[in-house]
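Undergrad: Using the UniProt record's numbering, read the sequence shown as starting at 1 and increasing by one per residue.
Just so you know, the hints here were simulated from the structure itself, not pulled from any lab data.
All values derive from a computational prediction rather than experimental measurement.
Among the clues, some could well be false.
Quick list of in silico lysine-lysine cross-link-like pairs, DSS-like style, CA-CA up to 30 Å [said to hold, decoys possible]: (1) Lys16 with Lys98; (2) Lys43 with Lys169; (3) Lys21 with Lys98; (4) Lys98 with Lys7; (5) Lys138 with Lys21; (6) Lys16 with Lys138; (7) Lys7 with Lys21; (8) Lys169 with Lys47.
Ranges of calculated distance between the beta carbons of each label pair, as one might list FRET restraints [claimed, not checked]: (9) Val115 with Lys138: 14 to 22 Å; (10) Gln176 with Gly156: 20 to 28 Å; (11) Arg19 with Ser188: 26 to 34 Å; (12) Leu195 with Ala143: 27 to 35 Å; (13) Tyr167 with Ser119: 36 to 44 Å; (14) Val184 with Gly92: 17 to 25 Å; (15) Lys138 with Glu172: 40 to 48 Å; (16) Glu172 with His53: 19 to 27 Å; (17) Gln83 with Arg41: 20 to 28 Å; (18) Lys21 with Tyr54: 41 to 49 Å; (19) Leu174 with Gly129: 38 to 46 Å; (20) Asp45 with Lys98: 19 to 27 Å; (21) Lys21 with Glu172: 25 to 33 Å.
Ideal placement from N, C-alpha and C gives every residue a C-beta, glycine not left out.
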Amino acid sequence: MDLCWLKAADISLFCKAVRRKGTPLRDVWGFIDGTFRPCYRQKVDQKTIYSGHYRLHGLKFQPVMAPNGLVVNLDGPWPGRRQDSGMLAESGLLVLLKNKMAETGNICRLYGYPVYPISEYLEAPFRAGAAELTQEEKEFNEAMSGVRMNVEWGSGEVVQQFAFLDYSKNLEVLWQPVGTLYTVGTHSTNCIVCLGHAEQIHLKFIPLQLNTLTKSRKSAVQT
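Work the whole structure out from these sequences, hints included.
TA: As structure tokens, then:
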């Protein structure tokens, strides 16, 4: 998933949808996250996929979620121990965003967690340092968190549509293409969203036409 179907009009609509939720930023069109998917503990090289943060074995993915309920970009898998900032650097997403913004003529940004570095194409919450956050900064974080939670349901929707992806005891990296299964599950969930069969379409968007999504994927594979 490489943003191939996104057009300038799409990004403009996404920004307007985010603004309608009362957010302080006017140029955010999507949300980035680091998603951890638990797997069965493998018999060899267990440490490679063990996450000390989650205290589980698993793989990580980097989805970008749009306000219309679609995962418009998905990178991964990475070992469960990989940091979100490291995934961002290795994924090449910032370069992809730069090219997409140049193509569309819009300079708009994604919004992520505090672990992500702020750049021309990526914004993050205020982080408390030596000094506490001001009231204005706290209100900013709270406002952005609210719309983020309203949009970032994609990872949960994937395992809701394909429950076997949530059964870690049946997902063993050395025996199954776990990363491919999750990627296919995510793309299939996008198709379900386009057909209007998911639980909800966020921020009152009309679903993307399925043929638009599948044609763009076919074109991306051919190139």
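Undergrad: Return the numbers of the hints above that this structure violates; sort them in rising order.
TA: Going through the list in order, the structure violates hints 18, 20 and 21 and respects the others.
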